[in-house]
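Chains as they are written, first to last, in the working numbering: chain Y, 10 to 414; chain X, 270 to 877; chain Z, 626 to 883.
Some hints here could point you the wrong way.
Quick look at which bits of chain Y chain X covers, simulated, 3 or more residues with Cβ under 8 Å [stated by the list, open to error]: (1) 43 to 52; (2) 87 to 98; (3) 118 to 126.
Quick caveat, the hints were computed from the structure, so don't treat them as lab data.
Remember, predicted model here, so these are calculated numbers, not experimental data.
The beta-carbon is built from N, C-alpha and C at its ideal position, and this holds for glycine as well.
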Amino acid sequence: MTCLRLPRRAALLALPALALRPAAAQPARGEPVRIGELNSYARMAAFAVPYRNAIQMAQEEVNAEGGVLGGRPLEFVFRDDGATPSDGARVAEDLLTRENVAFIAGTFLSNVGLAVADVAARRRRLFLATEPLTDALTMAQGNPYTFRIRPSTFMQTRMLAEAVRGRPVRRWAIVAPNYEYGQSAAAAFKRLIAEAIPGAEIVAEQYPALGRPDAGPTVGALSRARPEGIFNVLFGADLIPFVREGQIRGLFENRTVLSLLTGEPEYLLPLGAEAPGGWIVTGYPAEQIELPAHRRFFDAYRARFQDTPRLGSLLGYVTVQMVKAMLDRARSTDTDAMIAALRGLVTETIVGPVTMRVLDQQSTLGAWVGEIALEGGRGVMRNWRYEDGANHMFPEAEVRAARRL
Amino acid sequence: MEWGFWLAQAVSGLAGASALFLTAAGLTLVFGVCRIVNFAHGSFAMVGAYVAVTLLPPLLAWSPSLSVFLLGAVLSALAVAALGAAVELLLLRRIYRVPELFQLLATFGLVLVIQDGVLQLWGPEDIPGPRAPGLGHGVAILGERIPAYDLFLIAVGPVVLALLTLLLRATRFGLLIQAATRDREMVAALGVNQALLFTGVFALGAFLAGLGGALQVPRIPASGGMDLPIIAEAFVVTVVGGMGSVPGAFLASVLIGLLQAFGILAFPKITLVLVFLVMAAVLMLRPQGLLGRPEPPARGAIEGLAALPPPSPPLRALAVAAILAVAFLSDDYLRKVATEMLVLAIAAFSLGFLIANAGIVSFGHAAFLGAGAYAAALLSVRAGWPMEAALAAGPLFAGTLALLFGAALARMGGIYLAMLTLAFAQITHAVAFQWVELTGGDNGIVGVRPAWWASDRASYLLLAAALVLPAIWALRRVLSAPFGVLLRAARDSEPRALALGLPVVAMRVAAFALAGALAGLGGAVFAFSRGSVDPTLLAIPQSVDLLAMLLLGGVQAVAGPLLGAVALHGLKDAVMPLTDLWRLFLGLAILLLVLAFPRGLAGAWRRA
Amino acid sequence: MTILLVENVSKRFGGVQAVAGVSLSLAPQEMLAVIGPNGAGKSTLFNLIGGQLPPDSGRVVIAGREATRLPVAARARLGMGRTFQIAETFRSFTAQQAVEAALLAARGAPFRLFARAFGPHAAEARALLAEVGMEEAAATPVSTLAYGDVKRVELALALAAAPRLLLMDEPTAGMAPAERGALMRLVRGLARGRGMGVLFTEHDMDSVFAFADRILVMVRGAVIAAGAPEAVRADPAVREAYLGKAGLAAALRARRHG
Ligand SMILES: Nc1ncnc2c1ncn2[C@@H]1O[C@H](COP(=O)(O)OP(=O)(O)OP(=O)(O)O)[C@@H](O)[C@H]1O
Ligand SMILES: [Mg+2]
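The following block holds chain Y by itself, in its conformation from the complex (with noise of 0.2 Å):
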């Protein structure tokens, strides 16, 4: 509950946002500032090429715009890392020492984000985690180098438990891929609907490979445990199959089903005419967000790559703002100075104010919770709302406790 809140004064005095207002100031000229930015382009490619898409589209319009510190451009130099770590671990030393970087960015997958902010945290040069979603990123294994902007498995995972609070659901059955994103949003959750649902208890929980989607025993299991709610961790290619075979089976009717990233664009649109109505997710309806500079973003993504955005590209576009208004605050790129411009930053960004946390260095940009609804052939997301990451941070105990601070 307890999350820190900037007093209104810092915010103002954070400098305006970039914005798609037509350019008046000069273009931007001279020695460009270079960010290492490195990420699973050919792995994850659903997730990591819009993402990269909107990281370019928002660099030359900040450039259109003056760049930075003075009129410098931005200039995003993207690696793949390998999709492991000892890869991107070695992109991360890479991009560091040969290509003048002023500091790193990006990564998906967790372990790899945890390498790379373990080449940060020694070679002491900032790196800002945008995707990752590891608690342990923030909490255990975070340092003093390392920043995330997405918003973390525990907080997404407390936006689902927030929406069933005291509702009389009280058997809840898990379902979560195995491996470590799986496992701790499923630790998360039994905290947490104990917290939100008293009397809550779990009464099965199933963790199927990822990558090998044979969902015929794994819903039998859960239905079996007659559970009145069901947490899903599953995504992606493991998603489909579960859906599928849960619908089929009759094992999400007259259930509460909580889940994780379901409504995010990349993961709802291959489900098609099959998204599971009724489910409560996490997600991006990004078509129906009428904030202004949201909007405008939307229309020029659209416009330029003939896609609607994923959450990718909200989170790439996001992310060059916040690179902005830490580089208006810093005047250098000095790592120190950057850091320290960082925490507590606000930023304003296309869908609102966004802050660096100083005690975690974790933003508090939210998600987008709401109930999957089957319209057109395909699901959309509907009586949602934007959850301010703000209210579902760590408690600062626990920071401290897990950051020994």
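Position chains X and Z with the ligands relative to chain Y; hints supplied.
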């Protein structure tokens, strides 16, 4: 209620078994006849799924009936069969004469190429397939709704088994397949057109893989990451059933399908290792698999791989000079890359020792690299040991682990031994992956820092070189010492070695321990260089990388594995920054190298 | 004294009774031949004695020690050496290296990690190669030798361990007739000189009747006759069951030589 549940669970398991069987049957046929362990078989299944999700929607829009659905599945499988035939004609045909491991490597190159090819053709998003007309619903049985398509799939397995049996028993093609599976030389001697037979079998295998992939699309989406899980399970089924045995593959599929379905009730987290536990258990009890024929040690895998020859002094000077140059004249990044090359070189070299000199083909050598890395990281980060002690503990721990593996494995031979090393490595991987409290799970352990005096990259490179190069030279000495020579003698002829009174099994266990310890040394060095460790270090792709380095470098010269490590790591490093398509280029490079230098780079060097 | 005692050993493969209650004994210096048509069970008998296969019943005593359940390597340490029907040699070595390796193995230091393997036994290896008539080929890779030469190298490997009991499964297969005599003479010389007992099978009846002290005739797993060459040759059961039509000519030829 409970009866309905058990039935539904069994149906799910058996439906999965059917799908698994189709793919595995193709793999086992190809292995039986061509003796190729086809890594790309899962990729064929993936292509089958992608073709099906492309082909089926228009077909079903034209006429939504089950027969059209089946027609679409068969057409998809035929497309994959054509791809398989092309692969055989253009690629494998050229390398039948080289040792079997090179063929394995070539098919691994193919995996990389197909991964990127699929991404380019079909895009990155998962594509769910249409449901089968008339089978999209659930059938109420004993109060459970059971997917009708599962019931259909259950029928498909035995039907395909029957058709295959008919093909094998009643056609000339089938009889030739059986004969070739039993005795290759005999078929060659009969004057059969072997090339045609191989192409035919490879196309048939690809067809079955494609069919397996296509028939899965109503259940699972076509996705770019499905190839490796499929091949891993198909391998297990093939090995458990007995390589070359189609009924064995069926039996094993059913066994594994049912174990999956019921095993998760008791152990929800067992999903990761279950199949490998089954494989290890079956092979320990029945080394030739359920219905397989006892196989003589697969000399074919190494035939033509000469053993590593004794040292040559110029190499030593060259290596030292190169490392000094990098340490003092280059940048930190190159120093890191050079350190990693040293790590990979000792791992590949120790693998070469195991394969070429001891005749033990290991598909799981990364387990020891990873074990060394984990031991060093855990002792350093969790127990606070100084770097020097942690570095020493890495090889000790990895060597001990290898000793245990070796003791369990050393009586076996050939492809089954190789598969068992894979299973053991996977089990080790699962321990690192799931013992979260100790190992941090897949997040791994971070914050592994060298001692102050080795903390800059140049010093650390020199330290790594000071550890790794003497280890390499020591191992080279071992090659020409009684132990190495007699190990190779036992590789050449186990009956002769035994008849001379050699304790062959104990020697192999010792070789395993030695190779494991050296790979573990590499791992420990790597842990402090990267600063973190995680389970990918001991996963299958890492083992394949080591194998690729060894084979690309060649084992005709000591320089081979070293050259391979430098070349492959350097290649990856050079290609990755250039393009998202680096897997494609890496795969193509492997294919070209195998075709151009089927004896490895060092072999080419020697001839030149 | 006997160097080898075999009592009533049997071995069945599925439906085939490959060896059916065979007994024999062998004295030092003695040359005992086992003959029989293809599939008679000779190699199987050798494998039971050598330890390559476990017998279903019966026992094997080597140099006075119960050896029925001993592993192959342990029998080797009791002084048994052997050659195989299909030669088992070290293909990736030169002839000289192969014999040196065999000498290393026989001297028992398989776990020495840093000593030099080749060199210390070079002279001895050359002497052994000379004995089997292969000194010329010392530097030739075994894999490129003609089959008859491979068999000779194999004999050298077996002799490297200075066995007291030597089993030879068709030692002269693939050799020219003149070479056969030379090889068998060598073996007989060693048997007499070192007191080595030799058990061998041979399809070349010339060699058998010329060099065997005693002959054992097997048919379908069982011994149908045993005794001195002359007695065996005269045994009508042998002539009928074994020598039959094709074998008769050989036997007759052998008599001319004998
Ligand atoms: N491993 C085995 N499995 C099954 N049957 C076997 C096996 N080894 C031998 N046999 C059978 O046992 C019988 C005896 O074979 P063996 O090789 O001992 O005969 P042999 O007298 O050595 O013949 P040859 O003169 O051709 O070498 C044959 O019928 C053979 O087919
Ligand atoms: Mg024989």
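Against the structure, the hints come out as follows:
Counting residues of the stretch 43 to 52 of chain Y whose CB lies closer than 8 Å to any CB of chain X gives 3, which reaches the minimum of 3, so the coverage claim holds. A count of 8 residues in the stretch 87 to 98 of chain Y with a Cβ less than 8 Å from any Cβ of chain X is obtained; the coverage claim is therefore met, three being the minimum. Coverage of a stretch by a chain is defined here by at least three residues with a beta carbon nearer than 8 Å to that chain's beta carbons; for the stretch 118 to 126 of chain Y and chain X the count is 5, and the condition holds.
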